[in-house]
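Q: Below, each chain spelled out in residue letters.
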Amino acid sequence: MVAVKVKRRRFRLRKLTFSKIMLYLFLAMMVVFCGLPLFAMVCRSLMPLDELYLYPPRLIVQKPTLRNFSDLLTSLSSSTVPFTRYIFNSVFTTVVTCVASIIVCCLGAYGLVKHKPAGSNIIFGIVVAALSFSVHVTQIPNYLVVNSLGLVNTYLALIIPKIAVAYNFFLVKQFCEQLPDSILEAARIDGAKELRIFWTIAMPLLQPAWTTLAVFSFVNNWNDYFSPLIFIQSNALKTLPLALQTLSGGAGVVARSGAVGAATFLTTLPAILVFAFMRGKVMETMSYSGIKS
Amino acid sequence: MSGKAKKKRRMSMEKKRSLEAYIFLIPWLIGLFLFFLRPILISMQLSFSDIVKLKGFVMDWVGLENYRYIFFYDINFIPMFLQTVTDTLLNTPICLVFSLVIAILINRPMKGRGFFRAAFFIPVLLGAGYVMKQMLGMGADGTTITTGIVVPELIADLLGHNLTEFLQGVLDRITVVLWKSGVQIVLFLAGLQGISSSLYEAARVDGATEWEMFWKITLPMITPVILMNMVYTIVNFFTDATNPIVDYIYKQSFGNPQQFAHGAAMGWVYFAFAFLLCIITIGVMRRFVYVSGGKE
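Residue numbers (this note's numbering), protein chains in the order written: chain A, 1 to 293; chain B, 1 to 296.
These are calculated hints, taken from the structure and not from any lab test. For every residue, glycine included, the Cβ atom is placed at its ideal position computed from N, Cα and C. A few of these clues could be false.
[What the hints assert, rightly or not] Some chain B residues well away from chain A (every beta-carbon gap over 10 Å; in silico): (1) Leu34; (2) Ile217; (3) Phe260.
[Said to hold, decoys possible] Below 27 Å or equal to it, Euclidean Cα-Cα: the simulated BS3-like pairs (lysine-lysine) are: (4) B:Lys15 to A:Lys116; (5) A:Lys114 to A:Lys193; (6) A:Lys193 to B:Lys251.
[Unchecked claim] From the structure, some residues in chain A lie toward chain B, with a derived Cβ separation under 10 Å: (7) Met41; (8) Ala109; (9) Tyr143.
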């Protein structure tokens, strides 16, 4: 009994080789690098004003203070719109955009890949073109279009333009190409309608693709304060990131820099939480158990 | 005769499937038309025009005037453009190789795998938001937190000035690349996990080494993901809001209303180049993409 135990122990020790230690060391270094922005963000939200403007900039906070958060709260309480309204606006528009975008992009990509309609090459060309066009560059024409549709200053202005996103389509399309035709054929022979095949066979198989998409899309839409800045004038419709940035004086205002740090921290928090919550789904279910030959 | 009839029937079947595909695509196409095609057509028109009246956006056709301006009179555009192009061309391969290596490392069974996988995704969560801008030195005085990471003095003395400068440049680039590889790592992981383990088992039975398995199995099987990642990385570096040129175009368009048209022209030159790069990448990479089962 004892002998077995000793033997097993020795075996485990032998497994921890030099190369493995190096691997962990390397990965740990990379993790530190990746965690740096997050760490810096937390530190900056706790920094007193004099530390924020040190040269060279300091990474680690020396005298942590919660004043930034109380500063932010004071500027919030003086506004006419209750704080919860901003949270609702952000959550509502982000969630609706995400869900709609996933459905529309999966439908389209599935149709394009698995049905190969006439002109699918042209459509794919347009998708790549749409990918390479920066949103910031088309912002004025975009405003003109949204304005002509009469959507300015409504929730829809924050939702509709961001549904048919080229990148989401591109990602799902690549995943769709790996769906085996045989399963779809089998369903078709059994007499399933196309929409039903899509919903009950393709979508579950594409789950890794769209859960990933859900996280990307949530993070992007949540952090986006560019489109509310342009499309929304009414205070009651502002989203959380925009409200926090404007309330705290916006970037570049010296007096409230601390509050900006606190605001940044608070806006990033939900994205981190969503990721923490969905992490298992995104990272682990990405294996296509059994659907690939 | 029966053959002809058969052919005819098949044609109609193909047509039917085409039609079904378009029904699936309709919602997406509407969105694409409204919020991509129309804006870029307006912006194209804008790039060939001069705005006569801001109210109602009255435009006057001026031909290539705006393009002439940005190429021959604007002293900032061309240097910034070239800088972005070199940066993208240098960063993309570094980013791809790096994320593939990391993905392979954290795909193997090991302790704390979940933790590592999450950690590499953190920079993505922060997005191109305010934090990243500060970190990447978009602050007013150009100071960054990344400049804190310097080559230690002892090593610097040993290497001499030029080599240190080079090393510092590489270090700076690596930090930027690292923070922008989260998505690529996740996509590579997805690709790696899509490779059937029976392939590796068969190779192991045949006595293949890890190194051989990487070149003969992993790399060919992952080529579709490499293509996807390549396009994504190029686009991501090009359209990044922290990019000096995107910032410049934006400032041109919004800073002074008179410059809308110049901004549009710059946007078009920039876009045309990015698009061309993507098309070339896809065209070249398609030759190397391995399709399992040899379909088509």
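Q: All the hints need checking, so say for each whether the structure fits it.
A: Hint-by-hint comparison with the structure:
1. Leu34: violated, 6 Å
2. Ile217: holds, 13 Å
3. Phe260: Check fails; 6 Å does not lie beyond 10 Å.
4. B:Lys15 to A:Lys116: holds, 10 Å
5. A:Lys114 to A:Lys193: holds, 14 Å
6. A:Lys193 to B:Lys251: violated, 51 Å
7. Met41: Holds - the Cβ of Met41 (chain A) comes within 10 Å of chain B, reaching about 5 Å at its closest.
8. Ala109: With a minimum Cβ separation of about 8 Å from chain B (threshold 10 Å), the hint on Ala109 (chain A) holds.
9. Tyr143: holds, 9 Å
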